[in-house]
Amino acid sequence: AQTVTQSQPEMSVQEAETVTLSCTYDTSESDYYLFWYKQPPSRQMILVIRQEAYKQQNATENRFSVNFQKAAKSFSLKISDSQLGDAAMYFCAYRNLNTGTASKLTFGTGTRLQVTL
Amino acid sequence: NAGVTQTPKFQVLKTGQSMTLQCAQDMNHEYMSWYRQDPGMGLRLIHYSVGAGITDQGEVPNGYNVSRSTTEDFPLRLLSAAPSQTSVYFCASRLVPQGAMNTEAFFGQGTRLTVV
Numbered sequence: 001a002q003t004v005t006q007s008q009p010e011m012s013v014q015e016a017e018t019v020t021l022s023c024t025y026d027t028s029e030s031d032y033y034l035f036w037y038k039q040p041p042s043r044q045m046i047l048v049i050r051q052e053a054y055k056q057q058n059a060t061e062n063r064f065s066v067n068f069q070k071a072a073k074s075f076s077l078k079i080s081d082s083q084l085g086d087a088a089m090y091f092c093a094y095r096n097l098n099t100g101t102a103s104k105l106t107f108g109t110g111t112r113l114q115v116t117l
Numbered sequence: 118n119a120g121v122t123q124t125p126k127f128q129v130l131k132t133g134q135s136m137t138l139q140c141a142q143d144m145n146h147e148y149m150s151w152y153r154q155d156p157g158m159g160l161r162l163i164h165y166s167v168g169a170g171i172t173d174q175g176e177v178p179n180g181y182n183v184s185r186s187t188t189e190d191f192p193l194r195l196l197s198a199a200p201s202q203t204s205v206y207f208c209a210s211r212l213v214p215q216g217a218m219n220t221e222a223f224f225g226q227g228t229r230l231t232v233v
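Read top to bottom, the protein sequences are chains A and B. Heads up: the first sequence begins at 1 in my numbering, then just goes up one per residue. Heads up: the second sequence begins at 118 in my numbering, then just goes up one per residue.
No lab work stands behind these hints: they were computed from the structure. Some hints could be false.
Stated by the list, open to error - Partial list, derived from the structure: chain B residues whose beta carbon lies under 7 Å from chain A:
(1) G157
(2) G159
(3) L160
(4) L162
(5) Y165
(6) Y181
(7) E221
(8) Q226
(9) G227
Idealized CB from N, CA, C, for every residue including glycine.
Hey, can you work out the whole structure from these sequences and the hints?
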């Protein structure tokens, strides 16, 4: 079974600074997807960024980028120029490609990000 | 676009009571699923469905039933609520991918359930 580990329960960053959230995963599969979700106090789950394992290039979405290290099974999220609105719980998630229609998301335990002035 | 709609947003139940959490999506997604979110444990899969008439168990199915009579709706039933079922519940849907296509999961806004 796949597992996702987020070893940082809480992180703090000053506004305009950069922060990196860590995620490691365990799988025996070679084809899969990785995601970062943001959950603000409203509870809504918002997809921040996604990475296909077969792509070597790291995904980027505006101020959000990932460092995907397939051999190390590591998938960290970097938030640049942090803003107050970035304060939220962040979840790393994995989905196996090869189980087809039944493939499901496996989540880490989350990292709560505080943004301070 | 309505997306994924969950009702109710909040609910308090007494131990032993039954209730149904509703989930509806208007995106014609084949795949629907229910998760529960507990502090320090992330989101865990309860049940899922890959189409009308097809359901299967996830990681934590005990105490919950589901059915999928239409593409749009995927209700989650608690037959006899227990305090251990106090949690936040999320419904999610997505298209079933064709080949290697990566399809995004859309989440409802969650239901906070308290069982006393």
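| task | Check each numbered hint from earlier against the structure, then list the numbers of those it violates in ascending order. | result | 6
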